[in-house]
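Engineer: So you can see what is in the structure, the chains are spelled out below.
Number of protein chains: 2
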Amino acid sequence: MRIVVDAFGSDTCPGPDVEGAVMAARTWGDEIILVGPEAQTREELAKHDTQGLEISVVHAPEVLTMADHSEDVRRKVNSSIRVGMRLVKDGEADAFVSAGNTIACLASAIFDLRRIRGVRRPALCTVYPLTLNPTVFLDMGATADPTPQILLQSAMMGKVYAERVMGIANPRVGLLANGEEEEKGTMVLREAFALFKTADFNFVGNVEPKEAVKGEADVVVADGFTGNIHIKTAEAMASFVKRMVQHDLLDSVWSKIGLVLLVPGLIVGLPGLLLLTPGLRRLAKRLDYAEVGGGLLLGVNGVVIVGHGRSNAKAVKNAVLRAREAVAAQVIPTIKAGLAAGK
Amino acid sequence: MRIVVDAFGSDTCPGPDVEGAVMAARTWGDEIILVGPEAQTREELAKHDTQGLEISVVHAPEVLTMADHSEDVRRKVNSSIRVGMRLVKDGEADAFVSAGNTIACLASAIFDLRRIRGVRRPALCTVYPLTLNPTVFLDMGATADPTPQILLQSAMMGKVYAERVMGIANPRVGLLANGEEEEKGTMVLREAFALFKTADFNFVGNVEPKEAVKGEADVVVADGFTGNIHIKTAEAMASFVKRMVQHDLLDSVWSKIGLVLLVPGLIVGLPGLLLLTPGLRRLAKRLDYAEVGGGLLLGVNGVVIVGHGRSNAKAVKNAVLRAREAVAAQVIPTIKAGLAAGK
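Those sequence lines, one after another, are chains A and B. Our numbering applies: residue 358 is where the first sequence begins, and numbers increase by one. Our numbering applies: residue 358 is where the second sequence begins, and numbers increase by one.
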């Protein structure tokens, strides 16, 4: 597989982006194409041992930042994001990965890869890492102000993804809302509810965050703004809990054992602590954004994974994993066929 | 203090509502007035030992459910929520507490208590239980589709609350958003950003959920829909983490110690486990919605606390605590004076 990685995506690029790409090449043996200003990209790459790895650099003199709008994206045809998209479009690569500006990735994908026939707006899609049964969640941030029709289309793409890529029969589709009742939510959400009721999928109504996190729907649909706040709140809580648990562990060890019981306490207490850590470590891992890596942009003619601006190297590496999975699962032809069949 | 508690608010009323009210009366010695259909309310009350407590019942033959709209609220003048509001309006009580329909409480408060002069829409306000420095958060769900002007007014009420009730000098006001940049968010949010920039408070720009949870603003403003999803996502994550931690504790004890080391393991491991629990218990407590109790409806002429439909008795008891605090802090005259001064 050949995967293009934007060397100038993350907030602290190119460090995490290049390191993550090298980690991915080493772990899975894929061919990685880094895009970005060539000299700086090569300089960053030289910090790593890349012997035996298939990593090349394609020059992209321009960079799109978090402050850039779609007009800047249109203008900067030689930015790393647009060059990366064109490599996918021209069949030079199987997927594109960026931890850059979501809106810039969305606009570039629309300009260079084009939308799948019939799709008005692509949606950024993820699979919840927490639920026991995997749940498809979209939109994570591509369209802040969708129309009810755009939400319907997101639902249809999510349904095809759940059914054909994840193998969930007759997936339950829910709308993320502040209450179960039909009249809850914004005006757009209430109109979407009416559209969903007559749509050709298994609509289970509004789902509140608690039910969504419990996996009571297989596909959860939200507008891009609320979806982004939902996911980022979950992440924020996760890192809060991680800090608390770490703090409490230290606190327990040092104040309770260290000061009160000292040596006998260490002998008695530490084995218990060590026995607990696998569970807490598993918890921390499940709550770690870097394990997710990024979201899949559904609705364009190519595999595009968009990560957080805050991505570290591990997140970039796992964004490459998400790209590999999407290519292997033939997501694009599957979504195309599914949407065409749904008409 | 005299506090009215809606006996028919919560999803499983009147059980948790009456039990919570009894717990509150016992704990703080306040006079509690229960409102609801009299026979059923008295029957529920008879299940508890109320000796020495000042608890009375005021008959309200109608009940407003989660499915009721503002028109139903207008019509059901003898519903428990409306009767409760009128008791506050007529000076028969100092505050009203309900775990019922938020929109019904909002509409009743507007009908019976009236809005504070100059307030277009009240906002449901809470203080984050997680941050080190307390953060005022609003709107938790009163107005799903606010205009930018309504958001501005929420910010002003939040600022007055932070400054005059919580004693935070020159509170930092932020807008909950999906990115720090001014151009992030929905169209309404971007317009609000422009209004906030020229407003008479310390606007620190957009704050993402992570920064909000870290306490990087003293007042965080959101529309009622996104605000509700934000808070409910945090709660959902909290209960998820609690379940995981409990599961992991059991898992560690039984699979790791119980099966592998058995008796020596129990002797060695359990003290460590017990030493850890105070921290985890503190964590669980901080993450428990029932400790919060409910939000304060800011912008009407009376103290109104609205809890979750899912409230248990502890949540109802703590909603009464929130009401006591608001009355003691003279929130209503303070907000009135603050808004009048800000003109």
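Certain hints may be false.
One copy or any two copies: either way a pair holds, since identical chains are not told apart in the list.
[Said to hold, decoys possible] Below, a list of computed lysine-lysine pairs in the DSS-like style, where the Cα atoms sit at most 25 angstroms apart: (1) Lys693 x Lys554; (2) Lys567 x Lys671; (3) Lys554 x Lys567; (4) Lys554 x Lys571.
Simulated from the structure, these hints should not be mistaken for lab results.
Engineer: Given a CA cutoff of 25 angstroms, do Lys567 and Lys671 count as a within-copy pair, a between-copy pair, both, or neither?
Structural biologist: between (28 angstroms within a copy, 20 angstroms between copies)
Engineer: Treating 25 angstroms as the Cα threshold, decide for Lys554 and Lys571: within, between, both or neither.
Structural biologist: within (23 angstroms within a copy, 40 angstroms between copies)
Engineer: Given identical chains, is Lys693 near Lys554, meaning Cα to Cα at most 25 angstroms, within a copy, between copies, both, or neither?
Structural biologist: within (23 angstroms within a copy, 45 angstroms between copies)
Engineer: Should Lys554 paired with Lys567 be assigned to within, between, both, or neither, using CA atoms and 25 angstroms as the limit?
Structural biologist: For Lys554 and Lys567, the Cα distance is within 25 angstroms only inside one copy (22 angstroms; across copies 35 angstroms).
Hint compliance for this structure: no hint is broken.
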